[in-house]
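Can you make the complete structure from the sequences, with help from the hints?
For the sequence shown, the tail end lands on 172 under numbering that gives the first Met the number 0, and the numbers increase by one without skipping.
Derived from the structure by calculation, the hints contain no laboratory data. Accuracy of the hints is not assured; some may be wrong.
To be verified - When the alpha-carbon atoms are kept at most 25 Å apart in a straight line, the in silico DSS-like pairs for lysine-lysine are as follows:
| id | residue 1 | residue 2 |
| --- | --- | --- |
| 1 | Lys112 | Lys159 |
| 2 | Lys122 | Lys142 |
| 3 | Lys114 | Lys92 |
| 4 | Lys122 | Lys55 |
| 5 | Lys89 | Lys55 |
| 6 | Lys159 | Lys89 |
| 7 | Lys159 | Lys109 |
| 8 | Lys142 | Lys114 |
| 9 | Lys122 | Lys109 |
| 10 | Lys114 | Lys159 |
| 11 | Lys92 | Lys55 |
Remember, predicted model here, so these are calculated numbers, not experimental data.
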Amino acid sequence: MVLSSMEVEAAPSKAKPLPPKPMFEPLKPYEMSDGQFRKVELKMRPDTPDISNLQKCADFVHAFMIGFDVLDAIALLHLDELYVESFEIKDVKTLRGDHLSRAIGRLSGKGGKTKFAIENATKTRIVIADTKIHILESFANIKIVRDSLCRLIMGSPVGKVYSKLRAVTARLA
0 MVLSSMEVEA APSKAKPLPP KPMFEPLKPY EMSDGQFRKV ELKMRPDTPD
50 ISNLQKCADF VHAFMIGFDV LDAIALLHLD ELYVESFEIK DVKTLRGDHL
100 SRAIGRLSGK GGKTKFAIEN ATKTRIVIAD TKIHILESFA NIKIVRDSLC
150 RLIMGSPVGK VYSKLRAVTA RLA
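Given below as structure tokens:
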């Protein structure tokens, strides 16, 4: 059988039947107002996945992708008071060329010494990825770390930042 361009062969379709219409009881006089409104409770189907922890899973994936260790990313799943804050060096000060490289060097220190000192003093995790800085910890500690890192970016001597950090952490303890 040859079909012309205007003719279409009908294919048998297997459409699922629609569910039956819900049967509601009549509204009582005190339930009526200007219009008729009904509250309909939606019940979860048994095959619907539980998405209550979806935000925590997304935080885990994000933390892992930006460079935190797997154990640090897993901590995000288990602890509710952990946050990740990210900012760029250019958000603090516009630096180009060698000045930007020096600022990144001041942040990490020789062999990562400055970064590790700040992490240990404040019990945080810091990831320096190119010009982006990511901090993982509680809200109060993130503020302390961000202030210390911003001072280093602005050109403050490392010793001065260490002494300020010591004073702040002694106050917290």
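To see whether the hints hold, each was checked on the structure:
1. Lys112 / Lys159: Judged against 25 Å, a Cα distance of about 15 Å means the pair holds.
2. Lys122 / Lys142: holds, 12 Å
3. Lys114 / Lys92: Within the cut-off at roughly 19 Å; holds.
4. Lys122 / Lys55: Holds - the C-alpha atoms of Lys55 and Lys122 are around 21 Å apart, at most 25 Å.
5. Lys89 / Lys55: violated, 29 Å
6. Lys159 / Lys89: With a Cα-Cα distance of about 22 Å, the restraint between Lys159 and Lys89 holds, given a limit of 25 Å.
7. Lys159 / Lys109: holds, 17 Å
8. Lys142 / Lys114: Distance ~15 Å between Lys142 and Lys114 Cα, so the pair holds.
9. Lys122 / Lys109: holds, 20 Å
10. Lys114 / Lys159: The hint holds at about 15 Å.
11. Lys92 / Lys55: Violated, at about 32 Å.
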